[in-house]
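Let chain A serve as the given structure and place chain B on it in line with the hints.
For reference, the chains in residue letters:
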Amino acid sequence: MPYDVPAEHVDQAISAVEFYNTYYAAYPHHMVTR
Amino acid sequence: MGRQDVIDAVKGLPTTKVPWVPYSGVHSAFLIGEPADKFLQDPDLMAKGVIFAAERYKVDGVPLLFDLTVEAMSMGCEHKWWPDNPPSITGHPLDKKSLSESGLKIPGPKDGRWPVIIEAGKKVRAALPDTALYGIMCGPLTLASHLRGVRIFTDVYKNKVLAKEIIDFSGQVAAEAARIYAEEIDCDIIAITDPVASQIKPETFREFVTPATQPAIQAVKKAGKVSSFFICGDATKVLEEVAQIGTDGFAIDEQLNLNYVRDIALKHGVGFGGNLKLTLALSLGLLSPREDAIVSLAAGGRTGYVFAPG
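From first to last, the protein sequence lines are chains A and B. With our numbering applied, the first sequence covers 448 to 481. With our numbering applied, the second sequence covers 1123 to 1432.
Chain A on its own, in the form it takes in the complex (with noise of 0.2 Å):
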């Protein structure tokens, strides 16, 4: 999940959570070296 969440918004972060992990796109790690 992302990390620069304000605090007063962390509860709503968490509750989309299930959303990011099912539908998002991957970090794409192997292009971090280039």
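FRET-style restraints, in silico, Cβ to Cβ: (1) A/A473 with B/L1408: 15 to 21 Å; (2) A/A473 with B/T1138: 27 to 33 Å; (3) A/V464 with B/F1174: 34 to 40 Å; (4) A/D458 with B/L1408: 22 to 28 Å; (5) B/V1272 with A/P475: 24 to 30 Å; (6) A/Y474 with B/Q1126: 30 to 36 Å; (7) B/G1198 with A/V457: 54 to 60 Å; (8) B/K1219 with A/S462: 54 to 60 Å; (9) B/L1408 with A/E455: 25 to 31 Å; (10) B/F1152 with A/Y474: 31 to 37 Å.
I should point out that these hints are in silico values taken from the structure, not numbers from a laboratory. All residues carry an ideal CB built from backbone N, CA and C; glycine is no exception.
Frame of chain A, contents of chain B only:
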């Protein structure tokens, strides 16, 4: 609304709140009950629709129109209008002719569809003084694909001289479009929009797209405005090139991971925008726009980020 927040975010600067820019496009026509083809050819309807969309969605910024056929149609490309979409380019003048044989000229503010767009833009600019106005123009590779057809994508490998001639010419057309949006309409953000640039290799991007985009970037800088580069599809493999193309910021599509996009943008000190799932969430309703928005806002943060559809 947050006109200055949008400008700051596109430039990669921190903002007090994340600015919101829905790319309303021909949805603005739907909102006022008009067909897209009529809307796009009538400056009063276009202004009415954009102003309505800006108020309806409480925007910080809004595009005047999102139609990448303006430049090609203004050069006489065959096209087809649609009631529920922007027009399509159906004929490609450089398919069988060279650039010199075709007689194509860079369209100016009095050519083709530009007079309608300029008139609409001036109305919108006057009506929305506190909203960032986007001028969205066709990028060089996409315009080259309009002019040459799909063969441009093999030309960049098999016929590089021809490809470069067409893409560089398209870059000159884009520069004039950028100048019109920046100087004649007074748009705040000029978005060089090259959706098909995600379909080529990074080295091909650097060879053709990066140089051809520079005249438009210079035109925006000369006008004292802010530039962005819009790309569509899964642009992961060319994202480093996009971030380094020379615009103040860039914007991407729903298929990318916004954490990665943010990391690349922050690394290069440019702004970034996205990436509400335009098809899966907003158009088809297959996914929850709420969770989608939360994820985008959490990933984007408040430095250089514009919350927008992707």
